[in-house]
Amino acid sequence: MFALLKLIQSLVGALHSEGTPGQLAAGLVLGSFLGLTPLMNLHNAVILALLMLLNVSFAGGMLGWALFVPFGFLLDPLFDWMGHGLLLAPALRPLWTSLYNMPIVPLTNFNNTIVLGSFVFALVVAIPLFFALRWAVARYRETVGARVRQSKFYQALTASKLYNVYRMFRP
Amino acid sequence: MTAPATPRVKIFRWKAVGPLLVFFGIVGVLWILFADTIARHATQKVGTQVIGAKVEITDLHLDLSHGKVMIRGLTVASPHEAFRNLLQADELVADLDVVPLTEKKLIINRLAANGLRFGTPRETDGRVAAKSAGGDGVPSRVMAETREWASQFQVPVLQLATGKISIDSLDPRKLSTIPAAEALGARADSSQRAWKAAFDTLRVGPTLDSANATLEKLKHARATDLATLNEARQAIERLKRAQGRVTSLERGVKTGVASLQSGLAGLDSAKRRDYAFARSLVKLPTLDAPHVGAALFGPGAIRPFERVLYYTQLARRYMPPGLLPRASTGPARMRRAGEDVRFPKEHALPGFLLRSAELSFLLHPTAEQPQRYAGHLTGFSSDPALYGRPMLAGATGPQLAAGAMVNHVHDIPVDTAGATLGGITFAAFQVPGVPLRLDPSARCSRGSASARATCAGYVIPDLRAAPSAT
Chain A
1 MFALLKLIQS LVGALHSEGT PGQLAAGLVL GSFLGLTPLM NLHNAVILAL
51 LMLLNVSFAG GMLGWALFVP FGFLLDPLFD WMGHGLLLAP ALRPLWTSLY
101 NMPIVPLTNF NNTIVLGSFV FALVVAIPLF FALRWAVARY RETVGARVRQ
151 SKFYQALTAS KLYNVYRMFR P
Chain B
172 MTAPATPRVK IFRWKAVGPL LVFFGIVGVL WILFADTIAR HATQKVGTQV
222 IGAKVEITDL HLDLSHGKVM IRGLTVASPH EAFRNLLQAD ELVADLDVVP
272 LTEKKLIINR LAANGLRFGT PRETDGRVAA KSAGGDGVPS RVMAETREWA
322 SQFQVPVLQL ATGKISIDSL DPRKLSTIPA AEALGARADS SQRAWKAAFD
372 TLRVGPTLDS ANATLEKLKH ARATDLATLN EARQAIERLK RAQGRVTSLE
422 RGVKTGVASL QSGLAGLDSA KRRDYAFARS LVKLPTLDAP HVGAALFGPG
472 AIRPFERVLY YTQLARRYMP PGLLPRASTG PARMRRAGED VRFPKEHALP
522 GFLLRSAELS FLLHPTAEQP QRYAGHLTGF SSDPALYGRP MLAGATGPQL
572 AAGAMVNHVH DIPVDTAGAT LGGITFAAFQ VPGVPLRLDP SARCSRGSAS
622 ARATCAGYVI PDLRAAPSAT
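Just so you know, the sequences run in chain order A and B. Each residue of the first sequence is one higher than the one before, starting from 1 at the first, in my numbering. Each residue of the second sequence is one higher than the one before, starting from 172 at the first, in my numbering.
Everything labelled a hint here was simulated from the structure, so no lab data went into it. Be a bit skeptical, because a hint or two may be false.
[As the list claims (entries may be wrong)] Here's a subset of chain A near chain B, in silico, CB distances under 8 Å, partners left out:
1. Phe73
2. Asp76
3. His84
4. Gly85
5. Pro106
6. Thr113
Just so you know, these numbers come straight off a predicted model, no measurement behind them. Built from N, CA and C at the ideal position, the CB exists for glycine as well.
Please model the complete structure; the sequences and the hints are all you need to start from.
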């Protein structure tokens, strides 16, 4: 229940933040990497650092993570198939071999079919997802955003302590 | 009119550098605090997956600044016996190469193992692969293969029929002796009738009487009595024809007798077949020497070699020859594990390498006179083709002299192992159905077995074992 409330708070807070639709969409896209790929991997530390360092919506990132985790589980067979195809492609073998024998890179577990497949999938959908989300956020703010902002539900939500924590990382 | 200038959005959020550094600092502190615990759990988990039996560690300390790992209280359960450990070690000290760790490669320059004990009892069942033989995971599959291989030596000592014997099985019509005897009897009767008829048609008596009468007439006839002479010539012709008929009958009788004798022999073999059939119904064992030897000594002598074969096959899976990419099951996690693909590269370090290990250990530590052994291991690598040298292992002690070479450097692996084991106790067994228990160890207190196995290629070896009892 608390997680659901937090998710709704994040969603509403992010949609009505002072950040631009582009910042929110970028945060969501970075969050999608956390949700689509297996979490405990080195590349996700880099994604987390980017979420904090880049001027994108951190709340959008957390929201993207929460939203895309179920898709990650659901699409694992596809990721496995993609990763298998990429890792065992004869044309790419020299690339993987040199990466596998480099310092640090093997610690990303890129040689795992799920990790590579999901990362490549997230990378491929990142650009279309960014533009689609930016358009959707802009449309939301133009249409129903103002009415939601004046609703009692929104007032109650933004008055909670969690919202204050969120404001620390708002763009 | 110009449009109002939109404020430029900054790319970096510099104020987040502090919290980010604090975050990574916390991660670093947690690593320092829990690295030993994490490494211990990871080692236990990986060890259990690799060996197919529980691996437990009391304490593990990482000292990466000095390239050392110390393990205290290592217990590896036996993959084959439920309440027995494969080994226990008081202390293992490993000297690591730290730099290859950044490439996710574990290079152990030297491993010293102290206080090794083998075959100690344990309170819980530590088997993992044996309980899921044939399932997922390399040890489970290897366990199923070695069990199948060893089953060819498992000859039952004595197995009598149990339960009801089906009436159908005892149907006299299924026996071959009776029809064969009936057919032979019919043939004998038929031959007898044919011979009697042939004898009756000989008519030798009238011919002889006629010849005697002609002879008497010749005695008193004159030399010019042509009619008598002619009669004598005809009598001689009749005698010749009678002789031919007798000879022909004799030949026919001899052939018939031979045929009946052959039928009698066939009857004997049919009788033996029926005996074998009847014996098979009550499952009486054969008492051939090879079967008796295998039944008595097989289970006791083959068990150590089944285990050696298990570890050899594991080595083949974990130390494959060649430099081609190879996939293995990925790490267990909530999400799908996927597959890890390794990409060995020429002139690079292998993923795992144990350059040298010195072992000193006790067998039967609880006995009055524990047996002290010394062992060594060199060149244990996950990519033998990269290391370029075969793995060598050896152990010597009071009841064991063993050596092994695992050569997976080239495309075709060659594994050679030789061992002489002493102190094998042959199993006692109860003879089913009778109050009799045979105990070979009562007459021959201990046995020994020597074996040398060479396995080239990818087939399970044809082991040449020579059990002997003293």
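Each hint, compared with the structure:
1. Phe73: Since the shortest Cβ distance to chain B is 6 Å, the answer is holds.
2. Asp76: Cβ of Asp76(A) sits 4 Å from chain B, so the hint holds.
3. His84: holds, 7 Å
4. Gly85: This hint is violated: Gly85(A) lies away from chain B, its Cβ roughly 11 Å from the closest one there, beyond 8 Å.
5. Pro106: Holds, because the Cβ-Cβ distance from Pro106(A) to chain B comes to roughly 4 Å (cut-off 8 Å).
6. Thr113: holds, 4 Å
Violated hint for the displayed structure: number 4, the only one.
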